[in-house]
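Student: These protein sequence lines map, in sequence, to chains R and W.
Going by our numbering, 1429 is the number at position 579 of the first sequence; the sequence numbering is gapless.
Going by our numbering, 1436 is the number at position 586 of the second sequence; the sequence numbering is gapless.
Worth flagging that the hints you see were computed from the coordinates, not collected in a lab.
There's no promise every hint is true.
Which copy is meant is left open, so a pair is good if it fits within one copy or across any two.
[Stated by the list, open to error] Computed cross-link-like contacts, BS3-like style, restricted to lysine-lysine with a CA-CA straight-line distance of at most 27 Å: (1) 1037 with 982; (2) 962 with 1340; (3) 1014 with 1452; (4) 1386 with 1073; (5) 1513 with 972; (6) 1253 with 884; (7) 1098 with 955; (8) 1528 with 951; (9) 1276 with 1327; (10) 962 with 1538; (11) 1402 with 1533; (12) 1014 with 1098; (13) 1276 with 1340; (14) 1489 with 1561; (15) 1299 with 1427; (16) 1066 with 1037; (17) 1098 with 962; (18) 1014 with 1299; (19) 955 with 1055; (20) 1402 with 1066.
These numbers come from a predicted model, not from an experiment.
So you can see what is in the structure, the chains are spelled out below.
Number of protein chains: 2
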Amino acid sequence: MSIYRLKNYIRLLRRVIPMLLLIHSTTFTFAQKKATWIWYPGDFEIWLSNQMQNRRTERATFFPPFWRMDNPYVLIDFHKVFNLEEAEEVMILAEGQYNVKLDGKMIEGYPKTIHIPAGEHKLNLKVHAQGKVPAIYVQGKTIISDSTWLVTNEDKEWIDETGKASDQSGTTWLHAGSWNFNAPDTKPSQFHLATTPQYAVSRAKKDKGFLVDFGKETFGFVKLHGLKGDGTISLYYGESEEEALATKTCETLDRIRINNSNRDSTINLSKAFRYVYVEPAEGAQVDSISMLYEYLPLEVKGSFRSSDEELNRIWEVGKYTMELTTREFFIDGIKRDRWIWSGDAYQSYLMNYYLFFDSPSVKRTTLALRGKEPVSSHINTIMDYTFYWFLGIYDYYLYTGDKQFIQQFYPRMQSLMDYCLGRRNKDGLLQGMAGDWVFIDWADGLSKKGEVSFEQLLFCRSLETMALCADIAGDTKATELYKQEAAQLKQKITEIYWNEQKQAFVHSRIDGKPTDHVTRYTNMFAIFFDYLDAKKKEGVKNQVLLNKQVPKITTPYMRFYELEALCAMGEQAYVLKEMKDYWGGMLRLGATSFWEEYNPDKTGAAHYAMYGRPFGKSLCHAWGASPIYLLGKYYLGVKPTSPGYQTYLIEPNLGGLEWMEGKVPTPHGDIALYCSKKEIKVKAGTGKGTLRIRSAKVPKGKGVNAVEKSKGLYEIEILSNTDYTISYHTQ
Amino acid sequence: MSIYRLKNYIRLLRRVIPMLLLIHSTTFTFAQKKATWIWYPGDFEIWLSNQMQNRRTERATFFPPFWRMDNPYVLIDFHKVFNLEEAEEVMILAEGQYNVKLDGKMIEGYPKTIHIPAGEHKLNLKVHAQGKVPAIYVQGKTIISDSTWLVTNEDKEWIDETGKASDQSGTTWLHAGSWNFNAPDTKPSQFHLATTPQYAVSRAKKDKGFLVDFGKETFGFVKLHGLKGDGTISLYYGESEEEALATKTCETLDRIRINNSNRDSTINLSKAFRYVYVEPAEGAQVDSISMLYEYLPLEVKGSFRSSDEELNRIWEVGKYTMELTTREFFIDGIKRDRWIWSGDAYQSYLMNYYLFFDSPSVKRTTLALRGKEPVSSHINTIMDYTFYWFLGIYDYYLYTGDKQFIQQFYPRMQSLMDYCLGRRNKDGLLQGMAGDWVFIDWADGLSKKGEVSFEQLLFCRSLETMALCADIAGDTKATELYKQEAAQLKQKITEIYWNEQKQAFVHSRIDGKPTDHVTRYTNMFAIFFDYLDAKKKEGVKNQVLLNKQVPKITTPYMRFYELEALCAMGEQAYVLKEMKDYWGGMLRLGATSFWEEYNPDKTGAAHYAMYGRPFGKSLCHAWGASPIYLLGKYYLGVKPTSPGYQTYLIEPNLGGLEWMEGKVPTPHGDIALYCSKKEIKVKAGTGKGTLRIRSAKVPKGKGVNAVEKSKGLYEIEILSNTDYTISYHTQ
């Protein structure tokens, strides 16, 4: 290019660039609103859960779930009515084949941008996709795709012989689903979690290969470096060193075939492990391995620290356990199932409210569990897991105050409840029918026969949830119906199962006769459901919860509720000891995340066995992390008393600690608390709180008005965004 | 390679080749049984219908259906128990991720062949796929995948804490679905129809391009030859010359962009047309076009010829119309909808029984129409179309005797009937509710208000179908229930709608009062449903069917039934004239396939208009081909009298023809017939037939035993595989 030409070229650029900038700014820079990819609500969640739940392998063999998996709808109509002050250009993207209608008139082909004149207009997009979720992304100056769009999977828009369209009066419209796909190129079908490199902390020669230790339980894609030769390299994964070296019985493995073609390789399917035993076959070589840690990027909003370092460590490991198991969804454990189990997820929800307060994760998981119509089995085939699903929605509403979610999915709640109501026996009770798994807990010899009291109790709470949700959905008739059903069932439970002599609910009724077997399950739930009067509560506490004759619970899963029940009765000091004993016990065995099951009586590698397999147990299981929940709700003592923390209670309980401090997240700001035996500091970013404390003297501080509710029990109103420092005297 | 080495090499080959052949023959040559790809029954059909029904375009714009489209299940368990005399190697293929269990034990990885020892063994495959149908192909010596395998979409196989599996007692197993994917490489997901090249019969320069005529209505992929330059080439398709040249209003078009890169190009999406107007834009060139005709390869088993050449031409064009519209499924028309409409399909089934007798096409279409649970609208949103779906099953069973199909899909029939029963008003009648399309027919000003008698009549017949199918499915209680409901409804129909003075059913009841408006629909169906006594039949014939005051039918769709009703009453001579007039009328206008609608009163291009669009009408519509059915069933007069033609009737009626001859296919052989006014020849490959003829004298012939049933009416028993030549005297 000559100088002359270059000059001309620059001159041209000087003229063109401002024009380009102008065009660009006209179209997009002034866009004040941000579009997001949208879909039929629940459909992306179902699609993604299919992707995830079919990633389980057992020793390199595909191991999918045994329940029905559903599908997104393949054909969706999206629409919204806009009122434009001035004309605008609108960019349109879709996942799938699509058409665009403006005011009912189709635009030829697959338009990528359309011009919409000023005034009121209706914009429709209809999208078909098979194998991915029909989704759209629409971005104009004011017109954007978001959850205010309405969607349907059957628009019922037929025409008569003159070409006149029907009025669509039979069509059900829902608000579009969305998450965080906020850019044109972040397509839902391309979703993947975040990754970051991690490296081994040690390496040792073993047998025909080498053992790598990543220092702690982790999850991701192993990368092999310095590959040479021709042959197979086997990777044996272990949550324990023993497992990684047990090439015949470790739960997961990979075999990759190399043939002089590439130096590095990354395993396709992520795995859970701390140790990897790498064994190249004759002729194949590998220098080293590293990994890509895979995770859902979530902000940890909750915190807890105290005068007890072991307890702090328990909280930290609980947090890490939750970070590992909070992924596309709240899953049970990262090594083995990688499935969404309703009972496990329910506990993750509760812990989440004291850790991430991530509502989308709760909603995704709830929707994936529920799937589509018709209901043909209990959730995960488990009767109790159906009820945890309802309970999860009860809590979700209480913690978030999100009414729209309930309004949208009330029909799916109702059909699931219809399924349950339709399976009652002549006495109105539930017992296991063909295909029903009555789970309760992993416990040796636990009876599932007859009408188990635990199932009736959860059923009752689920009916109460339905009454609440029917009311939110404006279904007055059903509200009354569910209330009545709940009240009747509650009465029946007491009549049938309460044993006055034992001061406990018995475990079950068989052939019309209550057994005299007592287990902890029904009794502990009845406490925090607040189904018992004070006298019965005391009876249960002493005759069941603190009674060593009643069979011990060995899963962190049910310890969660057992300790919650004790906390709910003010036994924080006892529970603190239990936590240090049980969770501290796992830490002393070297746990870097909490386990699926822990029995202190076992020793050595016997800890790793379960399901008849030497390494069947998961060493990173969400339900192991319950101290997160207990410490937030019953020690810091923060809980909502009306939906979404409009009002809430702070009832700190040191349980023997010198001091503690922490934060509890809420939808509109954190609640920060410091508490020693003499002083409490509070600052809340939300709602109107009540601090309830016992004190030998009237608590004092700036702006503090302590009202004595009963002898030595004071309540102090906490206003938002105000620093309180309160001095008091522990009794 | 030296000579020495070559010799050694040949010697080696001599030893190895027989071994290879031996291995090969051991594994596959002795395979006596032929495997086929199998899937969850109904799922391939739903998947394929999604593919097909989303191929409609209107002027290059995607135009999908407005009803709910369903999805195959994503996760399927297949199993069968085999008893092997000797061990065998079994080849395994799957569409999707899969695992293999032999006797409940998983085999590592994704095995492609497995060894199965002698003895009894259970083989399970579990397959996951999203976006295509989970399917398997298993081929051993005796072990093959076929429809005897059992499948489920929820195996409910959980384990307890000891690793013990549940007994799967809650699992529903169905027989696998299959079609004709009988080789390892004919994967269901790769399904496509057959194609063959076709060439234009003429070409003329027009405006800025050229018009190509393929000589008759056809369907397929246009190929462009001799492409040059850079620019867009537009293809405007026409079923008529007028349409192809109407670039602003033709129903379908394609625009392809070329840029000097390739000489030839084939359009991706098949189209229906006879004419194509090709218009290259400035800078683009195309020498010529040809096409790939796309079709379902089916044998035409039925035939008809007669002394009337026009009638023969009508039969031939009817046959071609059926060949064009019998594709992945029986569709309505090839130009426009390409959707599966239950009312249209129902007529295709009936014609099919006299043309292809292809049961798989009936089953595919029936399953695709029904989709999955739950029922959320009528089929195609149309109330009458729900009922045709039931009627189609009634006929399917009568013509084929296939009980297994009914046993497998009885639950889907039942849930659809539950939906209908649940929508009855307080008087037990159906009327259009929100979202219900009451269609009946395309007819100006046809009232859909109130309780339309036609819908009740079809509902009644559907209840009768349910009684029949409940019985086949072994559901005794439901059999009685459906029988009762049908009987009650039948009585109500007469009570409410029969107008003694008009000797007709009136059209509807509005606000509890029967109208005095008479239409043909209810009346003609009541005749061939045999719901009327002889007196009422005569009344209907004269006061409705032959009464020109009653609004005329203008669609071949309802002419089908109108003429059937007249034939059922012996009016073949009248109907023959009507056929020559109506279908002959289309032929005289140059039709090469039959139309969606034909009104002889219109002229010129006005014939092509419908739905308010100048070329909205489909000129190749399955429902236009009804003479295929009428000529087979009411002129050749062949119809089954028990399921699957175990017994059947031949009641020939020349209707004024000098002679006619033809074949009617059945599940186990054709029934061939020649009939003149003096002589009848019959040869049947199936069942036991009854030839019923009127004759002035006793009919005679070898092996003929004519029994006079009433004055001049004789019945002759027809045995299979026997030639009969019967002389008789037309009365």
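Student: With reference to the structure, classify each hint as holding or not holding.
Tutor: Results of checking the hints against the structure:
Both within a single protomer and between protomers do residue 1037 and residue 982 lie at most 27 Å apart by alpha-carbon distance, with minima of 10 Å and 21 Å respectively. Within a single copy, residue 962 and residue 1340 get their C-alpha atoms no closer than 58 Å, and across copies no closer than 56 Å, so neither meets the 27 Å cut-off. Within a single copy, residue 1014 and residue 1452 get their C-alpha atoms only as close as 75 Å, which misses the 27 Å cut-off; across copies the closest is 22 Å, which meets it. Taking identical chains as interchangeable, the C-alpha atoms of residue 1386 and residue 1073 are never at most 27 Å apart, the minima being 58 Å within one chain and 84 Å between chains.
For the identical chains of this complex, residue 1513 and residue 972 are neighbours neither inside a copy (46 Å) nor across copies (57 Å), given an alpha-carbon limit of 27 Å. Taking identical chains as interchangeable, the C-alpha atoms of residue 1253 and residue 884 lie at most 27 Å apart only when both belong to the same chain, with a minimum of 23 Å there against 58 Å between chains. For the homomeric pair residue 1098 and residue 955, the shortest alpha-carbon distance between copies (15 Å) is at most 27 Å, but the shortest distance inside one copy (65 Å) is not. Within a single copy, residue 1528 and residue 951 get their C-alpha atoms no closer than 68 Å, and across copies no closer than 65 Å, so neither meets the 27 Å cut-off.
For a Cα distance limit of 27 Å, the shortest separation of residue 1276 from residue 1327 qualifies both inside one copy, at 24 Å, and across copies, at 21 Å. When the C-alpha separation of residue 962 and residue 1538 is checked against a cutoff of 27 Å, the pair qualifies neither within a copy, at 49 Å, nor between copies, at 65 Å. For a Cα distance limit of 27 Å, the shortest separation of residue 1402 from residue 1533 qualifies neither inside one copy, at 40 Å, nor across copies, at 82 Å. Taking the shortest Cα distances, residue 1014 and residue 1098 sit within 27 Å of each other only across copies (21 Å), while inside one copy they are farther apart (69 Å).
Taking CA atoms no more than 27 Å apart as the test, residue 1276 paired with residue 1340 passes inside one copy only; the shortest distance there is 17 Å, against 36 Å between copies. Taking the shortest alpha-carbon separations for residue 1489 and residue 1561, only the intra-copy value of 23 Å comes in at or below 27 Å, while the best inter-copy value is 94 Å. Taking the shortest Cα distances, residue 1299 and residue 1427 never come within 27 Å of each other, neither inside one copy (35 Å) nor across copies (75 Å). Within a single copy, residue 1066 and residue 1037 get their C-alpha atoms no closer than 33 Å, and across copies no closer than 45 Å, so neither meets the 27 Å cut-off.
In the homo-oligomer, the alpha carbons of residue 1098 and residue 962 lie at most 27 Å apart only across protomers (22 Å), although the nearest pairing inside one protomer, at 56 Å, exceeds that limit. With identical chains, the CA atoms of residue 1014 and residue 1299 are at most 27 Å apart between copies only, with a shortest distance of 17 Å across copies and 61 Å within one. For a Cα distance limit of 27 Å, the shortest separation of residue 955 from residue 1055 qualifies neither inside one copy, at 71 Å, nor across copies, at 34 Å. For the identical chains of this complex, residue 1402 and residue 1066 are neighbours neither inside a copy (30 Å) nor across copies (83 Å), given an alpha-carbon limit of 27 Å.
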